[in-house]
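Novice: In case you want the letters, here they are:
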Amino acid sequence: MSELAFFIDYSRCIGCQACVQACEECDTHRGRSLIHLETIERRDSVQTAPQVCMHCEDPICAQVCPADAIKQTAEGVVQSSLKPRCIGCSNCVLACPFGVPKYDGEADQMMKCDMCYDRTSTGRRPMCATVCPSGALAFTTIEEIMRTRQGRAVNDWRFGDQHVRTKVFVLVPTEVTHVNVAIIPLSSLRRSQPPADPYDVAALLEVH
Amino acid sequence: MARLPASIPDLVAQFGPHLNREPAGGWTTRGEPDRIVPTHCCFCGQQCGIQLKVKDEKIVGFEPWEEFPFNKGKLCPKGVKRYMQDEHPDRLLTPLIRDEARGFQPIDWDTALDRTAREIRRIQSAYGQDAFAVLTGASLTNEKAYLMGKFARVAVRTANIDYNGRLCMVSAAAASKKILGIDRSANPWSDIPKAKVILVAGANIAECAPITTDYLWQARENGAKLIVLDPRLTPIARTADLFIPVRPGGDIGVFYGMLHIMVQRGWINREFIAAHTTGWDAVEAIVERYTPEYAATVASVPASMIVRAAELWGPADSSFLLHARGIEHHSKGVENCMAAINLVVATGRIGREGCGYAMITGQGNGQGAREQGQKCDQLPGARDLENPAHREYIAGVWRVEESTIPHTGLSAVPLLEAIHDGRIKGLLLLCFNPAVSLPDGDFIREALTRLEFFTVIDFFMSETARYADLVLPGSLMEEDEGTTTNVEGRVIHHRQVVRPPAGARQDWQIICDLAKRLGVGDKFAYESTHDIFEELRIASKGGVADYAGITWERIDREMGVFWPCPELDHPGTPRLYEGWRFGHPDGKAHFQPADWRPAAEEPDADYPIVLTTGRVVSQYLSGTQTRRIGALVDQYPQPQCEIHPRLAGSLGIADGDVVRVESRRGAIAVRAQVVKTIRPDTVFVPYHWPLDRSANNCTIRAIDPISKIPEFKICAVRVSKAPAPSGDIAALEPAAGGIR
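Heads up: the protein sequence lines correspond to chains A and B, in order.
Numbering-wise, our numbering puts 122 at position 122 of the first sequence, and it's gapless, one number per residue.
Numbering-wise, our numbering puts 266 at position 266 of the second sequence, and it's gapless, one number per residue.
No wet-lab data here; the hints were simulated from the structure.
Think of the CB as a built atom: it goes at the ideal place given N, C-alpha and C, for glycine as much as any other residue.
Heads up, some of the hints might be wrong.
[Claimed, not checked] Derived CB-CB ranges, DEER-like:
1) A/PRO198 x B/ARG740: 45 to 55 Å
2) A/GLU175 x B/ARG270: 41 to 51 Å
3) A/GLY88 x B/GLY630: 23 to 33 Å
4) A/THR177 x B/ARG21: 22 to 32 Å
5) A/GLU144 x B/GLY649: 46 to 56 Å
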């Protein structure tokens, strides 16, 4: 049995914000929610996406920190900035490819998801992944995920030339081995059809 | 009684809703809890297990309860923030009496109870026994629901008791009882992931029953196909295999269009129908007319969608149908549900693993509170108030003469109409906020002003309580002990976590004290709610909803027990109708024919748009509790009118504009939310807010002839761009009915 890990399945998310509300209840940052729930484009869709810290193996936020304020635990959990060191420069905020770290003006430091270190270090599951009613967030073993879910759990990311491996996995279709975030040239868009609007109810009603 | 005793802004300033944003003691001083108590969430019929943390006899937080099998620690935002209603600044801590000049004034408990008892008898001797009514709620425990039914019949001796479950489960209940013989979801939720096709009709599961989402998604991981019927593209519908954007009230078109195709293609189970059902011929005769083309005109969707639905549902090996208020809140709500259940029974796919049917209860004890005898036509154990044998049995349990038990009274909406026209003069109300939750809000609030005497028991000053002569401070779920029955029919145990704050009392003690003053204290001599449960077990024994074999100890040991459970050594009944033995005396399922008919008020030239109403995930019912929790209010602060860009464009409305939504009965002013995820002939406004933001100002007081459920899901409105509202009400905080 492998160790417990964090999995995100964006397709399951229902936007209920149980994760956002529960994050605020976590003992290390009470009253402050550190998970992000993105509403993609409410006019067009009800799609939403939760974003916890992906906990990069070689965290970019830490690489770019001029004050060496961002540390990793032995288990690979990337922590919020160390308060005495953080200079609030927001390099990490700009550099993170997942948009996770935020500069908190009130606390005057960068704060981010620490995978509920107070809970996971004592055998409990992170708040968000425990309460998530849709299973979009899960904290379990890879075996359990492979047994109960379709698709594949990957933690390999390509941002252009940059490769990133993360502690957190995302569920993707089986044929996908890594997530490739690429720049799509505008010229290629002009040649293609106008994008379909799959969630426009008026359009659905016109199909025959 | 007459008008409000103070201005609304003054009442709001004094009693709220104010927003509680921090736990007792603040965020930083919580420390380790003194104890952690496993219990259940009080918001919605899923009744998720949750553990509440207690420090210094105050609830200061929660911890997921992963061992409870139904939700395994999962919660929605309401469950997460539920504990913020504890230690709330708006909490009522003394009885209050209305004073024309000075607003509500504190009085002592004895005076308040004496006065209530005296007024009950005064009104009854002046106007007749039934001129005093009792209204209750489906968020009460089984014990309190049982107590209220007995209190109305034995202590007040009025026929007129009904409950806010009348706005919730009654259509589903009636249809289920007529066809299958028992009013309960047929299957435990564990059957859902085992089904190969799932049909969800009129149920915004992601927002109204969020925990059920994981069951649906797990079914899909196992290869199930998902069909969703809804006028709005909900989060569940977004990735459904087939989303059918049916027009409000057009569902029968889809169900019978599917059945028509299934008959044609041989996808009905004729052997099962012959052996285990009655009434199929009448249904078959109706569905013969529902060609895909005709069905499409009823449903107002492309015929190809209906054909596709039949192709997914018809030949499947196993299937599960779920429905909720979307098909039930209609003046044909029972017929809609019957058509849906016909679709299940025609396949024979019921009563075995992965095959079945469920109605999704909405209120906290939506299931249990409708079994214990607080409906106007019902006695405990889901017994029939007009059945002589049932009356005789309950009279024995209650130690009264059968002839003294009143007969069927008025259901909730006609009861308010009887108040409006003066036939009912007095009211005792617990766990109900009709000023927000009943249709035709202006009419309902006018009715409340016409009562000669009105007592409300509540823990907060609800919008309805503002109209009361006396307000008695009651208790939260976590301040009392008892049971509820969840969406699956699983009876579960709510533990008392803390005591009510000084000045407030447990609801059941208030009722028992009133009974004593009404001269029947010997019949209400309970020492605890456990005593009430023990009597409820006896009262339900031999009834359809048989709790005789269920004890609080068994519930704790077995993580809930499913009724019927007639004996202590009976395992309970998670799945009904196994071996195709249905609940009717002949053991068969009884198909019910029902043809489509229009709503009470369809759109026309003057009011050309359909208004449909519903919930958002962060609010519960009329908002008395959830509009007082800051984090939930922040998530969705005020009602918005969802409107398709095509309709919005034709009306000159842009996202964020204030719009006036107006029906023949009333109007609201809210912000427009322009979204492509709704039919262009329909607008949606959630109903959790009061006053000029109450969607029920517009809804229609039309009810189903059988279930008496109001038609919340269809009324005709016009929508126009409006100037930003001004004045006292608009200036209130949105949680109180203002607008930003």
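Novice: Checking against the hints above, which ones are violated?
Specialist: When the structure is compared with the hints, numbers 1, 4 turn out to be violated.
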